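Protein chains in written order, with the numbering used here: chain A, 1 to 115; chain B, 116 to 221.
Since the hints were made in silico from the structure, they are not lab data. The structure presented is a predicted model; accordingly, all values stated were derived computationally and were not measured.
Subject to a maximum C-alpha distance of 20 Å in a straight line, what follows is the list of computed EDC-like cross-link-like pairs (lysine to aspartate or glutamate):
#  : chain 1 : residue 1 : chain 2 : residue 2
1  : A       : Lys78     : A       : Glu62
2  : A       : Lys68     : A       : Asp56
3  : A       : Lys78     : A       : Glu44
4  : B       : Lys208    : A       : Glu103
5  : B       : Lys208    : A       : Asp56
6  : A       : Lys24     : A       : Glu11
7  : A       : Lys68     : A       : Glu18
8  : B       : Lys208    : A       : Asp57
9  : B       : Lys183    : B       : Glu118
10 : B       : Lys157    : A       : Glu103
11 : A       : Lys78     : A       : Glu18
12 : A       : Lys78     : A       : Asp56
13 : B       : Lys157    : A       : Glu11
14 : A       : Lys78     : A       : Asp63
15 : B       : Lys208    : A       : Glu44
16 : B       : Lys116    : A       : Asp56
17 : B       : Lys208    : B       : Asp182
18 : A       : Lys68     : A       : Asp30
19 : A       : Lys78     : A       : Asp57
20 : B       : Lys116    : A       : Glu44
21 : B       : Lys208    : A       : Asp30
22 : B       : Lys116    : A       : Asp57
23 : B       : Lys208    : B       : Glu118
24 : B       : Lys183    : A       : Glu103
25 : B       : Lys157    : A       : Glu44
Covered by chain B, per the in silico footprint, the following chain A stretches (three or more residues, Cβ under 8 Å):
#  : segment
26 : 30-43
27 : 104-110
Where a beta carbon is used, it is the ideal one built from N, C-alpha and C, also for glycine.
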Amino acid sequence: DAGVIQSPRHEVTEMGQEVTLRCKPISGHDYLFWYRQTMMRGLELLIYFNNNVPIDDSGMPEDRFSAKMPNASFSTLKIQPSEPRDSAVYFCASSLALGLNTEAFFGQGTRLTVV
Amino acid sequence: KQEVTQIPAALSVPEGENLVLNCSFTDSAIYNLQWFRQDPGKGLTSLLLIQSSQREQTSGRLNASLDKSSGRSTLYIAASQPGDSATYLCTSKIIFGSGTRLSIRP
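Please put together the full structure from these sequences, using the hints given.
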């Protein structure tokens with residue numbers, strides 16, 4: 001498996017525009033996580049899914065953020081409208097389960113810059 | 116809700132030294148604890164996973180321990196090398212610590 005794949009790797013957009021980040025988890029993994037990383041706040045969990053169903057979205061900062069997982073092999077994180085303070089690296093991760101011997105595997109991240 | 120703390124925030128040591136990174140968590144009802152490494156501008160690479168029933172895990176020069184009762188884990192790096200320079204993050208119940216930025220001086 002090629003691992004967790006995120007696209008795009010870099011995104012520069014103007015304030016007010018819609019931004020869509022994409023993630024393809026490792027095949028067979030039932031859990032998918034979206035994280036945001038900034039210098040100030042470190043790595044924050046935004047939302048996670050189990051079998052395509054959102055389980056905990058308490059980390060989503062505002063209603064401008066939304067995430068979907070239409071099928072087991074694809075998820076999106078959308079920001080509409082985007083603001084400069086949304087600039088960060090967004091990571092997607094997947095794992096087989098949340099149990100004892102399940103590692104989380106991360107994508108390479110999407111570096112978002114909102115100007 | 117789980118809170119994870121890592122100390123120190125940054126550490127600089129000369130090459131060859133053994134060192135310990137610390138991770139503490141508030142909720143001891145964990146499944147496992149995982150240590151990651153992150154190089155500047157890169158993603159996260161998994162180093163070690165310790166199951167809740169285990170005390171430690173070893174991989175090469177790395178040894179991670181887990182004490183659930185005290186809510187602590189340590190990552191021990193033996194004979195440090197400049198290539199070990201990176202940020203080290205621990206996670207418990209999908210919540211991450213803020214990381215320790217490690218610099219190994221040649």
